[in-house]
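J.: Those sequence lines, one after another, are chains U and A.
Note that the first sequence covers residues 203 to 579 in the working numbering.
Note that the second sequence covers residues 203 to 579 in the working numbering.
Derived by calculation from the structure, the hints in this document are not laboratory data.
Don't take each hint at face value.
Each pair may be met inside one copy or between any two copies, as identical chains are not told apart.
Unchecked claim - Computed cross-link-like contacts, SDA-like style, restricted to lysine to any residue with a CA-CA straight-line distance of at most 20 Å:
#	residue 1	residue 2
1	Lys312	His290
2	Lys312	Arg435
3	Lys366	Ile336
4	Lys312	Ala224
Number of protein chains: 2
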Amino acid sequence: MIYLDNAATTLHKPEQVIEAVADAMRSMGNSSRGTHSGSLAASRTIYATREKLARFFGCPRADHVVFTCNSTEALNIAISGTIGAGDHVITTDLEHNSVLRPLYRLQDEKGTAVSFVPADRQGCIDYADFEQLIRPETRAIICTHASNLTGNLVDIARVGAIAKAHRLLFIVDASQTAGVFPLVMEALGIALLCLTGHKGLMGPQGPGGLCLREGVEVRPWKVGGSGVQTYNRSQPPQLPTRLEAGTLNGHGIAGLSAALDYIQEVGLETIHAKEDALMRRFYAGVTQIPSVTVYGDFSGERAAVVALNIGDYDSSAVSDVLSQDYDIATRPGAHCAPRMHEALGTTELGAVRFSFSWFNTEEEVDAAIAAMREISQ
Amino acid sequence: MIYLDNAATTLHKPEQVIEAVADAMRSMGNSSRGTHSGSLAASRTIYATREKLARFFGCPRADHVVFTCNSTEALNIAISGTIGAGDHVITTDLEHNSVLRPLYRLQDEKGTAVSFVPADRQGCIDYADFEQLIRPETRAIICTHASNLTGNLVDIARVGAIAKAHRLLFIVDASQTAGVFPLVMEALGIALLCLTGHKGLMGPQGPGGLCLREGVEVRPWKVGGSGVQTYNRSQPPQLPTRLEAGTLNGHGIAGLSAALDYIQEVGLETIHAKEDALMRRFYAGVTQIPSVTVYGDFSGERAAVVALNIGDYDSSAVSDVLSQDYDIATRPGAHCAPRMHEALGTTELGAVRFSFSWFNTEEEVDAAIAAMREISQ
């Protein structure tokens, strides 16, 4: 199989990630639930992973790295834990349902006001719109670092500067970029960074994370056992326990830790350069095919995603042919990004998304281009 | 290490569980996010695991098995998704903070009324109390199947019958018993069964579950991407998607699936009989030691847990000696069960908890008894 669905999950994991999970499953107890060697092994691995994530994402404190079970949980915690009735938030048309649905819920249940920075037919936004949408009651700007549909990048340094100038919380969904693009919270003005481990970070499915700037108050999400402060009626107020309850996925976190090591060894820049080259090679190839429409802006920096359609063929039909006749894995249909599809004009067709990872090759890209050429004829 | 902290997590996993996770990490895409073989492999494994869990726990529909990231999340979803303002719920002194804190939060934020069936100094409850606490506005009974501190079992068939007679929702926390005791939702009158995969089920840390009786309405918890109904502003209403959002932990679920197969192969009764014999052997040994106080009721069926203290020694000190001088892993202190400690009179000392699994041996039990004899002198 030529796997080009890496924006959904990276199927190929570094061997050391798999080994780390297996090792953890042979040696790890429950963290924070005892002082014997099995429990301490879990606690140390988990804390060391917090430290690695904090360094990786420029989060000032390791204890402000909270483990979640995916980006979606991180975004639910971030949004519902900081935004409430009477607040206004600004977000964009690029967002995934993991941002939109928590916001719509706040809108419907608490009357929170939500404004959208619109995207044009290339999926691009005008940064001046952020400034124009700010009101006295604006509490936060929430935006993705890259569209999961087009791969268009948002200039989060620029948005972060606007948020800083107006003292707004800046919440970033880094689902599509963590592990591939440099992300330094402090430099970018990010207050809450939401991410998952199983995409660009090349870790196992399961662990995700929420990194907090010091001083950001987030209401607890799930509450329960914490291994400390048993007699406190409420979730302990200290981070990370405040936002974690129940047994952490220590086995998965051990895998994520190994994945972070792998990325450090190879080098983020090296990974990014390779993915970028593969994506641009594919783009150059498919734009030669007359009936192909590619979505998004390829003029500047972008994530390694190419979304397209062939004429007015249904994207699912194209993706099925790619899978069945060429053993090429892509994702068709709607991509949990309803406003993005509306902006692109693809609510009917959906789009066939090709997304690339460190483990893809030029040969695979060329095979995908050749397949597209055949299908389009 | 002699690992006797299995009520926190079973450290020893069947080899086939570890292999299943590793295999999944080499082959699995993102479930419900495409139709290529990687994605379908994930979808099939996840759906097959729902079917296995449904059969295992007598849940009538596989699509009513919801994956969570631990028991705590399952309990948060179950409690916050069915109980609200104006409701009254009945629970017990045996409960873990994963039940208590969600209930206290409802009490504090929504004015939900909560009544407790009290436990005596042996940790036992009087079942007549359930009937007496019922009011017109009582909505649910929430209780654990076994105390995580004493190992005392609750006769959930009896509680289920009371719930059924009064048309109350019956929510069961099976964290300590799933995988070791037969649990048939329909026969026991359970509406919502909350469980985790990494304890008695011998699966990896990460996946937990919530099994629902047909017709039980549960409000969504986290909301976000679902891979379906992209243009719906809300989380899709259909189960299991209604209560799941974002990428599932397919790798961990593959491990849980293998763990369920292992339990079926060995036989639940065989596992239960062995754990029970080890627990009773240990109990018989330590009750011979004059300065040892054992908590709980050993007269009938119970989970494989023995909590004790030596005189008025702090439980943490005893557990540390066991760990450092004998390499025996136990858990001391308070066990996230504040009302249970209050009932037992152990809020000051805590308690040293020994908990047994299928992978323990009689030799390990005898070594633990011998260690306890030495320490107590």
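J.: Determine for every hint whether it applies to the structure shown.
T.: How the hints compare with the structure:
1. For the homomeric pair Lys312 and His290, the shortest alpha-carbon distance inside one copy (11 Å) is at most 20 Å, but the shortest distance between copies (24 Å) is not.
2. Taking the closest pair of Cα atoms, Lys312 and Arg435 come within 20 Å of each other only across two copies (15 Å); inside a single copy the shortest separation is 26 Å, beyond that limit.
3. For the homomeric pair Lys366 and Ile336, the shortest alpha-carbon distance inside one copy (12 Å) is at most 20 Å, but the shortest distance between copies (54 Å) is not.
4. Neither within a single protomer nor between protomers do Lys312 and Ala224 lie at most 20 Å apart by alpha-carbon distance, with minima of 45 Å and 44 Å respectively.
Going down the numbered hints, you'll see the structure goes against just number 4.
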